[in-house]
Amino acid sequence: MPGLRFDLRDTPPEAPALRATLRAFLAEAGRDWSPRVRAYSWMGFDREFSREVGKRGWIGMTWPAAYGGGERTAMERYVVLEEMLAAGAPVSAHWIGDRQSGPLLLRLGTEEQRREFLPRIVAGELAFAIGLSEPDSGSDLASLRTKAERAPGGWRINGRKVWTTNAHRCDFMIALLRTSPSPDPKQKHQGLSQFLVDLRASGISIRPILDLAGEEGFNEITFDDVFVPDSLLVGQEGAGWKQATAELAFERAGPERYLSSLPLLTAALDDLRDEPAAPEAVGRLLARAGTLRQMSLAVAGMLQEGITPEREAALVKDAGNDFEQALPERLRDLLDPIRTPPAVQEMLADMTMVARSYSLRGGTREILRGIIARQLGLR
Amino acid sequence: MAGDADEGLRGILIEQVDRLLADSAGPAVLRAAERGEWPETLWAEVEALGLPLALAPEAMGGAGLGWEDAVAVWQVLGRHGAPLPLAHGMAAAALLGLAGIEPPPAGFIALALPGEAVAWGRRAGHVAAVDEGGQVALHDGAGVEWRRAEGAISREPADRTAAFGTPLRTGRLPGAEAARNAGALLHAALIAGALEAALDMAVEYATVRKQFGRPIGAFQAVQQQLAVCASEAAAAAVAAAAAGRAADRRGLEDAGFEIGSAKVVAGEAAGTGGSIVHQVFAAIGFTDDHPLHLFTRRMWSWRDAAGAERVWARRIGEAALARGGDALWPDLTARNEGRGNA
Ligand SMILES: Cc1cc2nc3c(=O)[nH]c(=O)nc-3n(C[C@H](O)[C@H](O)[C@H](O)COP(=O)(O)OP(=O)(O)OC[C@H]3O[C@@H](n4cnc5c(N)ncnc54)[C@H](O)[C@@H]3O)c2cc1C
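One line per chain: the protein sequences are Z and V, in this order. 379 is the number that full-length UniProt numbering gives the last residue of the first sequence; the numbers go up by one with no jumps. 342 is the number that full-length UniProt numbering gives the last residue of the second sequence; the numbers go up by one with no jumps.
Hints are computed from structural coordinates only; laboratory data are not their basis. Treat the hints loosely; a few may be bogus.
Chain V regions said to be covered by chain Z (calculated; three or more residues, Cβ under 8 Å) [said to hold, decoys possible]:
id	region
1	77-86
2	196-208
3	304-318
If you want the footprint, here are the derived chain V segments under chain Z, 3+ residues with CB under 8 Å [claimed, not checked]:
id	region
4	121-134
5	271-283
Even for Gly, the Cβ is constructed at its ideal location relative to N, Cα and C.
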């Protein structure tokens with residue numbers, strides 16, 4: 001395929017020891033996680049858990065020691081991520097900061113911003129939200145209208161963000177905002193900038209929105225003359241689109257884009273022993289899981305080399321979403337509703353609902369396939 | 001365990017094979033093959049490159065090439081529609097080597113797996129016949145009685161063995177699974193290559209064929225379908241490469257999970273991807289005249305060779321069910337653990 005690279009990668013030599021430590025920790029920490037907690041996995045928010053993860057050095061693992069980071073490799077970090085996901089751990093309180101907000105600050109933040117925020121992310125103390133979507137701007141993100149206007153010493157924000165996962169529990173968001181009006185829709189990618197926004201600042205109101213499973217997962221955020229000092233502009237004024245696109249590559253590149261529903265397979269496997277159709281169905285799922293893992297590791301390897309794998313990440317996310325949505329569907333075919341234990345039933349029910357979000361959050365299936373088509377030279 | 005060429009050497013090898021096939025193969029040669037014409041010159045050329053014996057140990061006249069390298073070569077071969085049974089010959093030489101039998105120095109060695117039709121059987125100088133228990137027998141091709149295997153979608157010449165004479169040599173593979181694993185690996189790699197070729201053809205066509213005043217590739221419905229095909233092609237290629245690497249690491253007989261996964265993923269990709277490329281080409285792709293079917297028919301045949309998806313998925317699933325839910329994730333991660341990147 002022109003220009004698409006998936007070089008095979010192994011996990012690093014440190015992996016077996018690291019994995020053993022993680023498994024012991026997760027077995028202990030996860031003793032009382034309900035099926036619903038596991039079903040929500042990386043959308044689940046548990047500050048206490050994130051602090052414990054931080055204490056063990058598993059947040060900001062690749063970052064410089066000067067900011068509290070562990071100076072480990074991207075592949076070691078990958079091991080930590082996939083172990084958390086396989087266990088269905090509620091990692092959201094540190095996941096976003098570790099995955100994209102922190103790396104953004106490392107690449108483009110000021111020295112002051114790095115010193116202020118990174119060590120607290122590493123400690124599991126500071127939770128980040130992603131401030132992209134707006135009521136009228138979903139897939140067409142660049143059409144966003146929430147604006148930041150110059151004010152003495154900083155900026156004033158007015159407008160609305162929506163679908164912001166866990167904003168009501170988070171401390172900060174990285175918001176993509178319009179800093180100069182763009183009357184011409186063809187120029188909509190210009191005049192956008194990124195800001196660190198304190199979610200407790202005055203003028204911000206956060207309204208949780210119940211999701212279809214009855215959880216307060218995401219929010220609507222209204223900005224009414226919210227002041228942000230100059231010191232919290234991230235990167236370059238007007239370069240927000242380019243910066244956010246690179247950030248999206250990080251957002252899409254991880255193993256969470258294929259592993260969201262794996263805990264269900266682990267939990268249900270032993271209840272499938274008497275089902276004649278189970279071996280073939282399970283084998284097909286595992287063949288895909290193993291292959292997606294190789295593709296996901298290839299993307300992690302590119303991150304390790306400092307390459308931004310925008311297209312490869314889009315492809316693996318799209319294929320991964322298909323897999324993680326198919327998994328509950330296949331298991332539903334196989335599990336006998338009468339004999340299956342309640343805990344497994346419950347996880348299946350929750351995942352049947354939550355799985356809808358896999359191909360929406362972080363870019364819809366259609367948008368990702370558009371990115372692949374562009375890579376093929378069709379757009 | 002087989003060594004593997006470093007990335008640079010592999011690149012050179014692949015380029016050589018690609019150039020050779022680009023110059024000497026093509027639709028006419030594929031059509032001739034379907035009429036049963038043995039590609040004499042092409043075989044001589046791959047022999048000149050030392051390819052048929054490349055997987056055999058150096059002490060037996062081979063090059064000690066690894067399985068991951070072989071997968072890369074087979075994928076290129078698949079990209080050209082595999083006009084000659086080079087993959088089968090290479091696998092046969094490798095299996096003979098594993099069984100301690102020195103492969104004959106020249107000519108095509110056919111691979112006879114239990115229950116499977118033998119690609120180009122009656123053209124073989126020698127036949128490596130493997131039974132269910134991992135016993136390998138080397139036969140002189142002249143002493144084997146063949147009957148034609150009809151009905152393959154690919155129309156590639158294939159025969160079934162009616163009777164063998166006395167073997168020249170016999171030996172035993174390190175594991176009974178080694179031979180069927182080799183068969184699955186080579187067909188997964190061939191499919192990955194053929195799908196890549198079919199995808200390239202479809203993408204190219206989508207940029208030149210115009211309807212409603214626009215290239216059809218400008219329509220989002222077409223773009224989205226080709227994106228799916230690209231994704232399947234990538235998955236098939238990655239799965240095949242990973243399977244080759246696993247065979248290098250752990251031995252062919254112990255790489256059943258990765259090889260089976262590659263066969264399942266490549267087989268599914270052949271189904272999904274094959275439908276998409278034909279949809280994009282529409283009527284012209286349904287003609288005998290158009291070369292698309294030279295690739296898609298082969299893909300569909302290779303899907304069924306050496307164990308269809310159903311067969312391999314069942315094996316993988318049975319093993320996982322026997323190990324239980326608690327072992328599922330640890331088993332998946334243990335397979336390529338802790339080696340770092342060489
Ligand atoms: C659980 C969940 C959590 C989320 N968390 C966050 C978050 O934390 N922060 C944040 O900023 N956002 C978040 N989102 C929002 C998410 O990014 C958007 O839902 C997504 O970008 C799509 O936008 P939309 O919902 O407005 O759909 P729309 O863009 O209106 O799309 C509707 C449908 O039209 C299709 N469509 C749109 N444009 C095209 C096109 N050009 N070609 C073909 N099809 C098209 C889409 O694929 C989709 O099927 C979250 C969403 C979910 C479901």
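Hints versus structure:
Under the rule that three or more residues need a Cβ within less than 8 Å of chain Z, the assignment of the region 77-86 of chain V is violated, with 0 such residues. Coverage of the region 196-208 of chain V by chain Z holds [criterion: at least 3 residues with CB-CB distance below 8 Å; count 5]. Only residues whose beta carbon comes within less than 8 Å of a beta carbon in chain Z count, and the region 304-318 of chain V has 9; three or more means the coverage holds. For a cut-off of 8 Å, the count of residues in the region 121-134 of chain V with a CB near a CB of chain Z stands at 0, and the three-residue condition is violated.
For the region 271-283 of chain V, the proposed coverage by chain Z is not satisfied: 0 residues have a C-beta within less than 8 Å of a C-beta in that chain, short of the threshold of three.
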